[in-house]
Structures are given as structure tokens and as C-alpha cells.
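**Student:** Below are the chains, spelled out letter by letter.
2 protein chains.
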Amino acid sequence: MNWGMIDRYAKSLIREAGHKIRVSFFNTIDIESKADANDLVTNIDRGIEQFFIKRIRKDFPDHKIFGEEGFGDQIDSLDGIIWMLDPIDGTMNFIHQKRNFAISLGIYMDGMGILGYIYDVMNDDFYHAMKGEGAYYNDERLPALESTPLELAIIGVNASWVAPNRRIENEPIAKMVQACRGTRSYGSAAIELAYVASGRIDAYMSLRLSPWDIAGGMVIAQEVGAIATNMKGEKPHLLGQDTFIVAKPKLHDELLTNYIQLK
Amino acid sequence: MNWGMIDRYAKSLIREAGHKIRVSFFNTIDIESKADANDLVTNIDRGIEQFFIKRIRKDFPDHKIFGEEGFGDQIDSLDGIIWMLDPIDGTMNFIHQKRNFAISLGIYMDGMGILGYIYDVMNDDFYHAMKGEGAYYNDERLPALESTPLELAIIGVNASWVAPNRRIENEPIAKMVQACRGTRSYGSAAIELAYVASGRIDAYMSLRLSPWDIAGGMVIAQEVGAIATNMKGEKPHLLGQDTFIVAKPKLHDELLTNYIQLK
Chain C
1 MNWGMIDRYA KSLIREAGHK IRVSFFNTID IESKADANDL VTNIDRGIEQ FFIKRIRKDF
61 PDHKIFGEEG FGDQIDSLDG IIWMLDPIDG TMNFIHQKRN FAISLGIYMD GMGILGYIYD
121 VMNDDFYHAM KGEGAYYNDE RLPALESTPL ELAIIGVNAS WVAPNRRIEN EPIAKMVQAC
181 RGTRSYGSAA IELAYVASGR IDAYMSLRLS PWDIAGGMVI AQEVGAIATN MKGEKPHLLG
241 QDTFIVAKPK LHDELLTNYI QLK
Chain Z
1 MNWGMIDRYA KSLIREAGHK IRVSFFNTID IESKADANDL VTNIDRGIEQ FFIKRIRKDF
61 PDHKIFGEEG FGDQIDSLDG IIWMLDPIDG TMNFIHQKRN FAISLGIYMD GMGILGYIYD
121 VMNDDFYHAM KGEGAYYNDE RLPALESTPL ELAIIGVNAS WVAPNRRIEN EPIAKMVQAC
181 RGTRSYGSAA IELAYVASGR IDAYMSLRLS PWDIAGGMVI AQEVGAIATN MKGEKPHLLG
241 QDTFIVAKPK LHDELLTNYI QLK
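Those protein sequences? They're chains C and Z, same order as listed. Take the first sequence: its letters are residues 1 to 263, numbered as in our numbering. Take the second sequence: its letters are residues 1 to 263, numbered as in our numbering.
Errors might be hidden in some of the hints.
Since the list gives no way to pick out one identical chain from another, each pair is judged satisfied if it fits inside one copy or across any two copies.
Straight line, CA to CA, 25 Å or less: simulated DMTMM-like cross-link-like pairs of lysine to aspartate or glutamate [said to hold, decoys possible]:
1. Lys131 x Asp253
2. Lys175 x Asp124
3. Lys235 x Glu133
4. Lys263 x Glu171
5. Lys20 x Asp79
6. Lys98 x Glu151
7. Lys98 x Glu16
8. Lys98 x Asp125
9. Lys34 x Asp73
10. Lys20 x Asp124
11. Lys54 x Glu171
12. Lys175 x Asp30
13. Lys98 x Asp124
14. Lys20 x Asp125
15. Lys20 x Asp139
16. Lys34 x Glu151
17. Lys98 x Glu146
Hints are computed from structural coordinates only; laboratory data are not their basis. Since we're looking at a predicted model, the values are computed, not measured.
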């Protein structure tokens, strides 16, 4: 497999999609709710996913595509080459802010992440990695992450997991919030993963993410030594939703052991 | 008073300070803790405040300066013209992320905000307003805010206020988190105020802010119709720390009435 060629192709496709998204702001954005009132989708998410699929099907007819908006393939196994795509990660930010969203893409072979991309479109920040070849922020190689003790750590965690909820015990999470240096929440799993990989935050967690939310970022984060698992400490499920935590090495252990209790 | 002249002067000074901050990343940043371990200050915060003070004292010798790092005047009254300055709002982001911080400046006369500026330095995003003359994001006039119901609102609130704490009852805040569309936390009061003013989030609250954190943003937010008060619904205290909430008009009432219970 010529991964270098696929890498160049994917980068060019993502930049072209980014341009289409920026242009889309000249037109009306149609918003719909999906599963629940806050699970939003727009005509732009759908259009961008279809743009990717049309191109990939034409140029890589034996690859499969697993995309958030469902125009790709029915995926029941991780065999072969799968493009895991979120055309707009952070749709709520896309709608409310017209910024702080990203194109997220991971290219996996037989379940192993080979190529990862996160493109923060409005900031023109491009994060990418190839397995074994290091991770990059724009043209700059990202250094290996050093460990950070909890009391100096900034953690990406949404306030909804500190409030009582049906997925995780919130009292230990509240204790974690009190014990760390600070918390942030940006509303895009891909951007928060990119922030962990580039050392801007030290950990990120969420209780319900889909494969396309994390597939690209996991390749990038792992290249700089971050640990990415579900909240049982296992490899995240890549065929359906799962919990997720990514952090610097020792911090990952500490958070998982001392603060995370799934319901 | 020639406020137009002062406005042009302040804009130019802020842009020059922004350039100095960007250049500072070529050098080592020295970090110290202030009141507590997470209240950080760097040589850059101090240097930038001194840069402002030197210029303002020379060019406006009868104005006073109230700055986060304490190189300005001792301020016991709001009489006269006071420049309320945070040279780097979001110091923790400045240190950990080298982005997502802002220069925040409000120019007040006898306690009334006349000019307000927030400069998100690394994104080169400049928000400014003159009382009665409208608010601007870069060169674009910001439209008046329309009201948003709580269930569609995105609220800037840090997870630390959802965890048990000594300032506010956290259970009603947890209910607010569950009732709104989503929450965000960016780690800079000035940037979150700018986000409210530009309609990217619908409300922002914090339990302990200083005058220079909010002085510039309040002028900007009020020009687009946002309501900014302390959590008792009064004008925020501008001589010392206070609680703070800024939101779209009806939402401000609803949050204050139904979800905020100070200890």
C-alpha cells in the first residue's frame, strides 16, 4: 500500500473540503435535529460528507467509508481499509459560532490507525500523523508529550459530566475538577484531541463518542505518546459509540484509577 | 473629552502590545504563582502592563490606571478617567497553550464605561466599542443580540462551579447545565465576554472576577444589548472582586432567578 500517496491525497481532499465549508457561510445553513434536540446536522455536514465519499469511491473503489452522516458504507467489521470521517466535528459550534469545528478523518487498515487528520477549518490549523512517522501541527513536528501531575493539569471535560448523569458517577469527576489546575470545554472532540496532542491541554474525556469523532485524533495523539482508551482502559470500540479518555501517560492511569467510575 | 482620539490611541497601543506578546514567544517565559498555586503571572504580563502604564502616564498624565499586575495607581474611587487593564487575560492559557488569551481594556469616566477593547492576540480578533456608538468585531459591526431560550442556549460556565465549592450552590448550576443546549469553557473571561457580545455563546458566568477582567467586555457587551451584572443582579463592583454574569436579556433574568443561589 502506498501510504505516502494516500496521505497526500487525503490532505488535499481535506483542504478542498475546508474551502467548501468556508464558502458555505455565504449561503443559508439548514439545521435539523437528529436523535435528540441537541444532536444537530446541517445541509453542509451532509454535502461535505457526500463530497468526500464521491471522491474516495472513485479513486479508491476498494476502500470503505464510515461517516457520521451515514452516506458511506454499512460497516460491521474493521477488515480492510476504512476511512472514518466526521465532515464537521462540533456541529453545534459550526452553527452557533461559525468556528471551533473541525474535519476529522482517520484511515484504518484492519482496525489499525495508519493516517490521522484534524483540520480546524476557520483557524486553518492542520494536525496530521502517519503511524510511526510522527505527528505534525501545520509544518511543525509535535514533540513527545512529557507527563504532567494532576495538580498542574488542564483537563478537557464538559460540565455535563460533573452534573448528575446516567453514564458516570459525577462526584468523583467533581473531585477531579477540584484537584486539577483547571478545566476547559471547547465543544469538539477532534479539536480537544488535537489540543492534547499539541500539549495545550493534558487530558480530554467524554462519555459518548463515535468512531469518526476520535479515529483521526487517536492516530495523531498516539504518535506523541498520549494514551487513548475507553473508560474501561481498553481500545475504544470503532464500530459504535463508546466512552473515551485520552491523556498523557501517567495522568491517564491516575484519572482512570482514581476518578472514573462508570455507572 | 475627545473620545475619538483616545479610541484611536488605545487601539494602536493595544495592537503594539499584541505584537510585543507575539514576539515574547521567541524568549523564555518566567512563571510565578501569586495568591494561590493556580493564580499565575509571568514576566510578560508584567512587562506588557508596564508598557501600557509608561505610555498612558506620559500621554494622559491626569488619567489613572487600574491594572491586574499592580504597577498602576492605587484606586479607591471611580472618579475621573480610569484605564482598567488586564495585559493578559487568561494567563493559564497563555502559558499552557500560547493562545486563547486576550488583552482586555476598559476606559471609564466617573464609573461609566466609555470605551471597551478585547484583543484575542493570537487569532488577531479585535473587539471594541464606544458607548452609544455600537460594538465591532474587527471591522464588522456586531448586531443587537436577540433573545435565546435556555434550552437552545450555550452557556460559558466552568466545571468548577458545577462541582461543590464555597461560593455558589452547585446543584442548581448542575440543573442549569442539564437544561441548556450545551456548555463551554475557554479559560478567559474577556474572550467569553467577547463571545457573548458576538453571539457565539448566549451567557457567561464566573464567581470571582476582577474589574480589569470585565471592564472592557462590559462596554462591548452592553452595546449589543447584553445584560451584565453581578450575581445579585447589581452593577458589578469595579473596585474589587465580584461575581459576574452576562447574558442575552431574558436569559439573564431566567438564569439569575432560577439557577443562581450564592452561598
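**Student:** Taking the hints in turn, state whether each one holds.
**Tutor:** We went through each hint and held it up to the structure:
1. Lys131 x Asp253: within (23 Å within a copy, 52 Å between copies)
2. Lys175 x Asp124: Answer is neither; intra-copy 36 Å and inter-copy 36 Å both fail.
3. Lys235 x Glu133: within (21 Å within a copy, 56 Å between copies)
4. Lys263 x Glu171: both (12 Å within a copy, 20 Å between copies)
5. Lys20 x Asp79: Answer is neither; intra-copy 31 Å and inter-copy 53 Å both fail.
6. Lys98 x Glu151: between (34 Å within a copy, 20 Å between copies)
7. Lys98 x Glu16: Only inside one copy: Lys98 and Glu16 sit 18 Å apart there, 28 Å across copies, limit 25 Å.
8. Lys98 x Asp125: Both, since 15 Å and 14 Å are each at most 25 Å.
9. Lys34 x Asp73: For Lys34 and Asp73, only the intra-copy Cα distance (19 Å) is at most 25 Å; the inter-copy one is 55 Å.
10. Lys20 x Asp124: Both, since 13 Å and 23 Å are each at most 25 Å.
11. Lys54 x Glu171: Cα proximity of Lys54 and Glu171: none, with 47 Å in one copy and 49 Å across.
12. Lys175 x Asp30: neither (41 Å within a copy, 30 Å between copies)
13. Lys98 x Asp124: both (13 Å within a copy, 16 Å between copies)
14. Lys20 x Asp125: both (16 Å within a copy, 23 Å between copies)
15. Lys20 x Asp139: both (22 Å within a copy, 24 Å between copies)
16. Lys34 x Glu151: This pair counts as between: shortest inter-copy Cα distance 16 Å, intra-copy 39 Å.
17. Lys98 x Glu146: between (33 Å within a copy, 17 Å between copies)
In summary, the structure is inconsistent with hints 2, 5, 11 and 12 from the numbered list given earlier, while agreeing with the others.
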